[in-house]
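**Student:** Going line by line, the protein sequences match chains A and E.
Residue 121 is where the first sequence starts when you use this note's numbering, and the numbers rise one by one after that.
Residue 2 is where the second sequence starts when you use this note's numbering, and the numbers rise one by one after that.
Zero decoy hints are in this set.
Some, not all, of what chain E presents toward chain A, calculated at C-beta under 10 angstroms:
no. : residue
1   : A71
2   : F73
3   : P306
4   : H308
5   : V324
6   : N416
Here are the simulated lysine-lysine pairs, DSS-like style, with alpha carbons at most 25 angstroms apart:
no. : chain 1 : residue 1 : chain 2 : residue 2
7   : E       : K373      : A       : K206
8   : E       : K75       : A       : K205
9   : A       : K206      : E       : K75
10  : E       : K256      : E       : K110
11  : E       : K154      : E       : K291
FYI, nobody ran anything at the bench for these hints, they're computed from the structure.
Glycine is no exception: its CB is placed at the ideal position from the N, C-alpha and C atoms.
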Amino acid sequence: MSYPRIIAAISTELQRRYAGGDENSVRETGVVSEIIERQNSMPDYLRFPMRALTRIFDYWGLVVAGKRFQNLDPAAQARLFDAWKKSRFNVCRNFVRFYESLYLLIVLQEDAR
Amino acid sequence: MRITEPESYRRAEIVVIGSGPGGAVTAATLASAGKEVLLIEEGADLAQTSCVPFSYEEMKQKYRSGGITAAFGKPSVAYAEGSCVGGGSEVNSGLYHRTPADVIEQWAKDNQVDFFTPESMERHYADCEAVMQPTTYPGLIPAASKILRDGAKARGMSSFDVPRLIDFSKELDEQGVQKSTRRSMSETFLPMFLQNGGSLLANARVQRLSRQRSGWEVHAVFRGSRQLLIRADKIFVCAGAIHTPALLQRSGIRKNIGKTLSMQPMVKVTAEFDEEVNFPGMGIAGEQVKEFSPEYSLGCGISSPAHLAINLSAEEGGPQLAVDRHRHLVSYYVMSRGTMHGSVTAVPGFADPLVRYNVSQQEFCNLGDGIKGLTRVLLAAGAQRVFTGLADDPVIESLAQTDRLPRILAPDASNIMTVHLMASCPMGENQRRAAVNSWGRVHGHGGLYVSDVSTLCSSPGVNPQGTIMALARRNSDHFLKV
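In isolation and in its complexed conformation, chain A is listed as follows (with noise of 0.2 angstroms):
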């Protein structure tokens, strides 16, 4: 359970970054199930390591701020969320990368049209 959990906390952050929002919002709009889904569907060789790395910027929070980053409150999880995509890691700004991309195509994807 806790994996959705995560995914949920990522696109709240998104959403209060790009789309204005909640974690109620989130849920209506299905981009949790969507962003797993496409995870899902990911080849095995990114899949496997983008589930870890999810997982440790989860835990990253803990190591940071006291509290995993599904825990924190709007202001750490924006501060987190920010350092992870300005990190002199590629590894962590590519992370970034991937949540946002996916994020935004999902929700302007009815723009398309």
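Once you have looked at the hints, place chain E on chain A.
**Tutor:** Just chain E now, kept in the frame of chain A:
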């Protein structure tokens, strides 16, 4: 399309694996010569109208792994492959080029490809063009094309409307440009194949091939669970630059297979204009600047709000700008000729192969040069701001500011992606580097052929679909003669 029902066991004279440009042309050519051909496709059979072109829904339906794939390297390179009946032709922009004569001559020399000259390829290109009918815009060109054309002209460069594999309708879009639909394999060679008695089996993934005393066995799985066994006299593998070598490796065939993967790396640049320049359904406009070809090309990208938002996501407020101002934003790309060799490795226990590619210094130079040149072209065309996608210096507003753009792209400075992968099973008689002979037969394996993008000897520096089809035609003609 008329789809064959799966049978647990069946025989076929020839099995073609993969229904993209290589497989469709091969299957249609062999079927029209009276051969009994079974064409197997891993993806689904979907109508062109099943989704909006260049949309997220299209990625989910028609791309392998939903379009989320990447090659490991420094940096990693995101790539996309079609996975449906018709393969890449169902999802690409349909830009049509012949491979330049000097590149063909270089391939023939380096890989010792027999009877391979620009003149000998002429009739194969012509045969395919008769079916595909590459064409340019008959009336107005899209705004994105006009911007690139005007900017290039102002900078003293030439650009042109690249012929495309599309059908134009009489209906006009908002900007007065004729609407179009893709002229893909499912609209051309695949119906010809079926009319000539061919059988098409979709949703069947070939796991491995095994050599028998006479002929081959194809071990496949239908819809992820039902095992199929197909016996064939001859097999053509046309599964693309990643999955052709992966299948051959899973079948125990490894000599020069998957060790020379090439690609054409791209970066995206977005321009903002005062006036409206982006219209619903614009798709990918066909204008390209080939001034620096074959080293790199400049062209038009996908400018849907979602793609623009992703392009601008590194910028503070970028995605919101993409939503609010998408009518004023257009996406372009710089595409480098691939110069480095990557690899494809089938890993036991994993369904997908491991793909590696290290972008070379030459490619970083090409991309850096290209970003600078494209930014200047867009500013000359009237752009108010150009979003370069560079981590350190993302926004350029004047020609003077372009001087500070780096000549060589730093590995971590931008996001690199590609839609053109190739050369993982190169052709030729030079057995130190070639995986298949001059006509696509796998060295050391009678009755087994490769006829797709993986047999190119290197990156051609242009969109490869025209050459894939012409080579497939050439290989099939030779097969029928001997």
